[in-house]
Amino acid sequence: MDFSFSEEQRLLRDSLQGFLRNTYDADSRRKAVASDAGWRPEIWRALAQDVGVLGAALPEELGGLGGGPVDTMVVMTELGRALVVEPFLETVVIGAGLLKRYDSPAACAAVEQIIGGELITALAWGEPTSRYDVADVCTTAKREGEGWRLDGKKAVVVAAPWASKLLVTARTGGGQREAQGVSLFLIDKDAAGVSAVDYPTVDGKRASEVTFEGVSLGADALLGEEGQALPHVEAVLDEARAALCAEAGGVLSELVRQTVEYTKQRKQFGRPIADFQVLQHRMVDMFISTEQSLSMTFMATLKLDLTAVERAAAVSAAKAYVGRACTSVGQAAVQIHGGIGLTEELALSHYFKRATMIEQALGSSDFHLRRYQALRAELPAAA
Amino acid sequence: MDFSFSEEQRLLRDSLQGFLRNTYDADSRRKAVASDAGWRPEIWRALAQDVGVLGAALPEELGGLGGGPVDTMVVMTELGRALVVEPFLETVVIGAGLLKRYDSPAACAAVEQIIGGELITALAWGEPTSRYDVADVCTTAKREGEGWRLDGKKAVVVAAPWASKLLVTARTGGGQREAQGVSLFLIDKDAAGVSAVDYPTVDGKRASEVTFEGVSLGADALLGEEGQALPHVEAVLDEARAALCAEAGGVLSELVRQTVEYTKQRKQFGRPIADFQVLQHRMVDMFISTEQSLSMTFMATLKLDLTAVERAAAVSAAKAYVGRACTSVGQAAVQIHGGIGLTEELALSHYFKRATMIEQALGSSDFHLRRYQALRAELPAAA
Amino acid sequence: MNLDFSPQDIAFRDEVRTFIEQNYPAEVRAKQDAGEELGREDYLAWHRILGTKGGWSTPSWPVEYGGPGWTPIQKFIFAEENARAGTVPILPFGVNMVAPVIMAFGTPDQKARFLPPTMMGEMWWCQGYSEPGAGSDLAGLSTRAVRDGDHYVVNGQKTWTTLAQHADWGFFLVRTDPVAKKQEGISFLLLDMTSPGVTVRPIITLDGAHEVNEVWLEDVRVPVEQRIFDENKGWTCAKFLLAHERTGIAGVARSKRAIDRLHDIASEETVDGLALDQDPFFARKMAELEIELMALEYTELRGLAREAEGKPPGPESSLLKIKGTEIQQRATELAMEAAGRYASPHLLHNATGGNEAPVGPRSARGVADTYFNMRKTSIYGGSNEIQRNIIAKAVLGL
Amino acid sequence: MNLDFSPQDIAFRDEVRTFIEQNYPAEVRAKQDAGEELGREDYLAWHRILGTKGGWSTPSWPVEYGGPGWTPIQKFIFAEENARAGTVPILPFGVNMVAPVIMAFGTPDQKARFLPPTMMGEMWWCQGYSEPGAGSDLAGLSTRAVRDGDHYVVNGQKTWTTLAQHADWGFFLVRTDPVAKKQEGISFLLLDMTSPGVTVRPIITLDGAHEVNEVWLEDVRVPVEQRIFDENKGWTCAKFLLAHERTGIAGVARSKRAIDRLHDIASEETVDGLALDQDPFFARKMAELEIELMALEYTELRGLAREAEGKPPGPESSLLKIKGTEIQQRATELAMEAAGRYASPHLLHNATGGNEAPVGPRSARGVADTYFNMRKTSIYGGSNEIQRNIIAKAVLGL
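Just so you know, the sequences run in chain order F, G, Z and R.
According to numbering that gives the first Met the number 0, the first sequence is numbered sequentially starting from 0.
According to numbering that gives the first Met the number 0, the second sequence is numbered sequentially starting from 0.
According to numbering that gives the first Met the number 0, the third sequence is numbered sequentially starting from 0.
According to numbering that gives the first Met the number 0, the fourth sequence is numbered sequentially starting from 0.
Treat the hints with care, as some may be off.
Among chain G residues calculated to face chain F with C-beta under 10 Å, some are [to be verified]:
1) Gln48
2) Val50
3) Gln264
4) Phe275
5) Leu278
6) Gln279
Interface residues of chain F toward chain G, partial, derived using beta-carbon atoms under 7 Å [what the hints assert, rightly or not]:
7) Thr210
8) Val277
9) His280
Keep in mind that the hints were calculated from the coordinates and are not lab data.
Glycine included, each C-beta is placed from N, C-alpha and C at the ideal position.
Generate coordinates for the entire structure from the input sequences, incorporating the hints supplied.
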């Protein structure tokens, strides 16, 4: 049993921290988020080429550094700490995480491009009525000649406005909410019949409603075997959830740190508000939730390579726990700050908004508690 | 709309308060609870004859004062405040409350005896596996000649050790958990075939496991129509739940009062612990829960005479709310007291225990939330 | 003891309901339905209609000042019916905050000058209380007013001034004696917001809205006759006002409406193929919130009944504030949970000028912004921590 | 970073498990299964068996004093296996509380006199810290010790003294300098509980148990050589001890067992014809508790890993205390909820002499008393409020 970071992981963390300290202050972020593009491609290029984090957890044979989930955890924590909006989760953890499972030339090339910072992808899995159920797919892909014809609608596809390729789940068989019959396609976003309505999200990202109307796809657009995509998508979404928990760790740590700092400076009734015992205890509870969230993130990250049931139970337990911590710590941070905590101007309010949206991203706490409840009976008994 | 007590109700409250102040100090109660009998029959007689509260809410034609649910609320609140163990709830609210609905000579005579303090009854409705479902009745009554033959087992029948007559629900038709087919019988506790294991309860009352083995009952033991008892039992249990909420009001008020008093006297770190803001806010939350519980009790009490659905929804909402308040206020009271709050010697610990048991008496908060959820769709829309 | 409204109260309720149905401005309703931001005139239209209807814009005012002379129960019914119909609220700053102070402490001239236009919606008020250095600790304010003949010259900065961008007049706490102890040396001034030296700067809140402002005062000249009550006695007015500020803070009817909206969202969302409002877990959360609101409603009614008996309102107003805001916030939290992924799009017409095409179900729109916005309720108007301090001291004697 | 136990650790775990299976006293197990109250000899039997097994009774002791020389992970595994098997715990007062103080501050003679019998279960210790007037404010104690030749004469009263009725020896904080400042002027004395003038009076707790006591000291003569460390420097020992007291306070393995028991009760109870552990609401509550415990377990493991790297344990011990006790208490609360009406009978063999025939399902027996009893855990050993004060100060720098 070992909870320490390797030397490489420590270096990775330090160089990323240094880079973000220099480039990612609150003001630059605010401007980027308010810009037409909504992000900074130059940051992305630098992350790929100068800092070299995009390939940290990807295979060496595709140009990565061959790290694993712990490396992803290290990166995501720092991205959370700096409130980075660029699509590391969407493109690297999910996109490349899926693509690396397939050995088609297109998939391998895409991973290499992602590592190089040349390709942004987004996974279109959710639909207007699917809520968080990844098997609830109404989008269809029907055989058409050698290839496929894609029809359907995907909802709140985060990072899609920045992406040139989409990974899309579509039903090639089976009924709505059936695990079997879901296939995965890699398509160009500018293909005929693909249309998107882009918009900002409340936490400073960008997303799209994507519609497919008779989109013609070649045979090679299908990744892996027909109808067998779900186990892969589930596994990668679990990796993404663990990564989200790590991001939350950075966000929560900042919420605690900024709140503690603020209370030491802010005076009311002639003394720093840090002196008030009620606020002290509330900050202690914020600290405890954050520490416990970090522990759950370690646990989930280190269990990603176990069996599907163990992995999913661990990840859902962690995401449920961390999601609730995001809500309670965020609310406490704002309340302790008072009015100033509600202003666009203070960085804290943006951490609060991101924490709030992490709670529901890739499944709310309620969803993951359900999933954990359903899985726990199948878990092997403890030794 | 009017939330004030009538002159009669105020007098009732004052005289009961005065009586209990003189007779029901913590020490006398402790001795009574520890005695073989577990209660004080002389207190009961005085309540009947000197204070005259047993008939307060019972019909004048049976010797009562003709009051209603508000009078019961007034009495129960004071009994809660003094932590009275004598069976007002079990015998007067439930026993006489049920019996007054039937016009058989035996039922009328029993109500008169109850008002006079000469008869203790207990309602045996729960069974070892019924949890809080009043329709979950396995005890059977089968026709035998003119009368009935009763077989079965009733669980945790509170006040049964003190009772000479039992009201018993038994199935004369229908299947387990069916609403139809449950009948109500009034039987002598010393009838052949009735056996009881008596024991104290953790909150200072007495209860029994009661077994019926081939108990022969006359035709007149049946109250009302065969198989139609449930609506009456449900209605009376709802009255009893509202009364329990009122008792909780007295218990909660005392928990708050005693805790506030204690913190003003107890010194730590050179000052009264009442000075610590964290304890202050926790006491404020105790106070708020108590006030809100009183409001819910008013609401439920005043809705007892509406339709069955409205009555049951109001009562379950109140019982769920008050039950949770009992848990949270009780826990806070003990925590704020520290070690002394856990001693048998301090009255507070007995209030805590009673509060704890009220939470689950006649259905836990969880049970009542379920019931409320099931009923709310049937409620008439607000005007 | 009983729960029934009297026949007179029921007749009154019907009258109010009918009046709202027949007189509420259709163009305002249309904007509300479309989720558009409301402007100054939208707020004032309904106020003016109510003002011309025998003082219905000022339910809490005594008859002598033009109030309608309602009983506490009637006021409750009126508020309830307005919340039920979702009318634009009458802003409290004039009618419920400064007006009672003017009635209690103002001169006959001040009453004649300020009360009638406040009732009629001709004078929009804002509140100059909080300062950057003095939030919950109100008396720590440092805005200075120096006497210069028959004027005060005021310098300082106020903050969290709600809708000051629309205001005609403001009431301000200023320090007129800098050496006196904290609560002494404060005066209560009425200030024409068009006076030279007044600058209103928007504060954009985390939901992107422009609802609050900073107000900068630079050598603003205020005639002495716009001071209410004695010089250096403004804290008396402030305390009086704070006692009134929490009126209606429980927001029971508003929360009922929020819960109805929650049921709407939940009936449109599905989980495991079941409507979310049929899902036991989510239904449990809604039921718990409904029950919390029920408790609050009856606590408020108990208070009203005491008031109707002529007893003064107790410090339970702090209780109403605490539980009322907790419930309001919880309702927005559940709405966001119910909306699921469609809580995420940021589409409202907002201060930075965006006005995106709507996505997702109608009922889910703006739920996150509402959630963010409502975090203010436990901070403003005396934070919930301050309210707990008040109960600890005033009720529990701690 | 990885979660796997090393092969050596797994071998160690198997060795411990086998040893417990083969050596745990059958008569103690039988009493535990029957829910009977345990006596002095029941507590000591297992202690003595472990003591003879190469210091297994004293996992935390250094090898030089006879400890087994385990790694932090091995200590964790040992505790885990004992909790898993439900063995009677080694009482902490001797092994984990006074012994480290003696090791750190005692003379060679004191070490030789007290440590071996403590390891072997031949010396039962109790703790004389709290006083009626000094609970959380430990340094406010007033028990006096006056020097008389080579003895101290001790007068005063201690309280909350756990299992003092069985104790051979006690360690007491006494005031030796009445005029010095609070924390100064305190000394740390070891006291033979059979000394004349020592009176132990039971405190019956709300669950009817006799677990704690008052200890009255009247002119008790204590030889000076039973003082640990310098006169008036006892607070140094006290602080040192308090830092050790929280070891193992998380109680992860114990809580796992409690949750297992909860599943047992829930599988026997039915609600709406369904086993309670299949009921979505109750299963959700159990799942939430399990997840809380998971978080605590990994927080403890992270701390152990830091310790294994030679880093000192941080103030996260306060975190472990707070969450550990909250989880333990919640488990007893859910057990009571699961037991339903059968939580109500009061049937345990108790201090007032009752020993009733059992009623209700075996698994539900005593759940309310356990719930009542466990309320102590958030009060004793530094209340959870005190722990939060510690984190606020030591970790957050507030």
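The hints, checked one at a time:
Annotation: interface hint on Gln48 (chain G) violated; nearest CB of chain F at approximately 52 Å, more than 10 Å. Interface hint at Val50 (chain G): violated, since its Cβ lies 45 Å from the closest Cβ of chain F, which is beyond the 10 Å cut-off. The criterion of a C-beta within 10 Å of any C-beta in chain F is not met by Gln264 (chain G), whose closest approach is roughly 20 Å, and the hint is violated. At a threshold of 10 Å, the smallest CB-CB gap from Phe275 (chain G) to chain F is about 6 Å, leaving the interface hint in force.
For Leu278 (chain G), the interface hint holds, the least distance from its beta-carbon to any beta-carbon of chain F being 9 Å, beneath 10 Å. Given hint, Gln279 (chain G) at the interface with chain F, holds; its Cβ is 8 Å from that chain's nearest Cβ, closer than 10 Å. A cut of 7 Å between beta carbons decides the hint on Thr210 (chain F): the least distance to chain G is about 37 Å, and the hint is violated. For Val277 (chain F), the suggested interface contact is upheld, since its CB lies about 5 Å from the closest CB of chain G, less than 7 Å.
Satisfaction of the interface hint for His280 (chain F) is found here, the shortest Cβ-Cβ separation to chain G being roughly 5 Å, below the 7 Å cut-off.
Checked against the numbered hints above, the structure breaks hints 1, 2, 3, 7 and satisfies the rest.
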